[in-house]
Amino acid sequence: MQSSNPVLNRSFKNPNYPAVDSNKLEELYSAPAASSARTGRMTIDDVVTRTGILLGVLLIAGGFAWTLNLGGGIVMISLLAGFALAMVNTFSKTIRPGLIVAYAAVQGIALGSISHVLNGAYPGIAGQAVMGTICAFIGMLFAYRSGRIRVTPKFTKMLIGAAIGYFLLGLASMIGSFFGLGSGLGLFGISGFGPMIAVAGVALASFFLILDFDQIQKGVAAGAPEQESWRAAFGLMVTIVWLYMEILRLLSILRGRD
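In case it helps, this note's numbering puts the sequence shown at residues -9 to 248.
Source of the hints: derived by calculation from the structure; they are not laboratory data.
Just so it is clear, the structure is predicted and the values come from calculations on it, not from any experiment.
Hints are not guaranteed to be accurate.
Unchecked claim - Below are the BS3-like pairs computed for lysine-lysine, each with C-alpha atoms no more than 27 Å apart in a straight line:
{"id": "1", "residue 1": "Lys208", "residue 2": "Lys147"}
{"id": "2", "residue 1": "Lys83", "residue 2": "Lys147"}
{"id": "3", "residue 1": "Lys144", "residue 2": "Lys208"}
{"id": "4", "residue 1": "Lys208", "residue 2": "Lys83"}
Given only the sequences and the hints, what does the whole structure look like? Please build it.
Laid out in structure tokens, this is it:
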């Protein structure tokens, strides 16, 4: 099965899961006490539990960073460490829960520090970003579960193409800022195309949640091993972190224009 989410691609692309008799598997899942302990297969509850663990670690690390008001050097180190761990967890054939938890911890440190700084400049912005992230998550989950948004090959190609273009814009903005070309060519600042691109970033991250939900459901339906729930939770965490950062950036742009 081809995955539409790059982060979950390692997990759900052409899986070589042990063959299980379909009738036996249906019987196990239909049992009143069905669980991954009995079936050996990933369930939605497994993904929810692992995602809850990662969110808990992120919030604890974020609270720690917020309280200590860590400097920019720690933030940069945390962001780089988070990127490195994301790459390792994405492309590794072996699932390493410890590294996935470590990713949540370093991202929590980075987000907590960044949120503290922006909240000092724009009081209440961190809480608004959290509420915005929660609302976007619930809204996308409802849209997916109700069938209002369906994951089709065309939808997936368009979304991934838009994501590639978005990150190329971000790279161009970063290179432009290094050469002193204003606020990154005006692509991600408070003027020029900044606000429109910020809105596009929030929309893009939100729609990627739909891909996450779809791949998790397909993984469960395909009988993915229980351990794959860690990778599914990791993929969901990556999108949630991205969404929070995009909402925080959009709010800071809007507040900065007042």
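Hints, one by one, checked against the model:
1. Lys208 x Lys147: Judged against 27 Å, a Cα distance of about 18 Å means the pair holds.
2. Lys83 x Lys147: holds (25 Å)
3. Lys144 x Lys208: holds (18 Å)
4. Lys208 x Lys83: Measuring from Cα to Cα gives roughly 19 Å; hence the hint holds.
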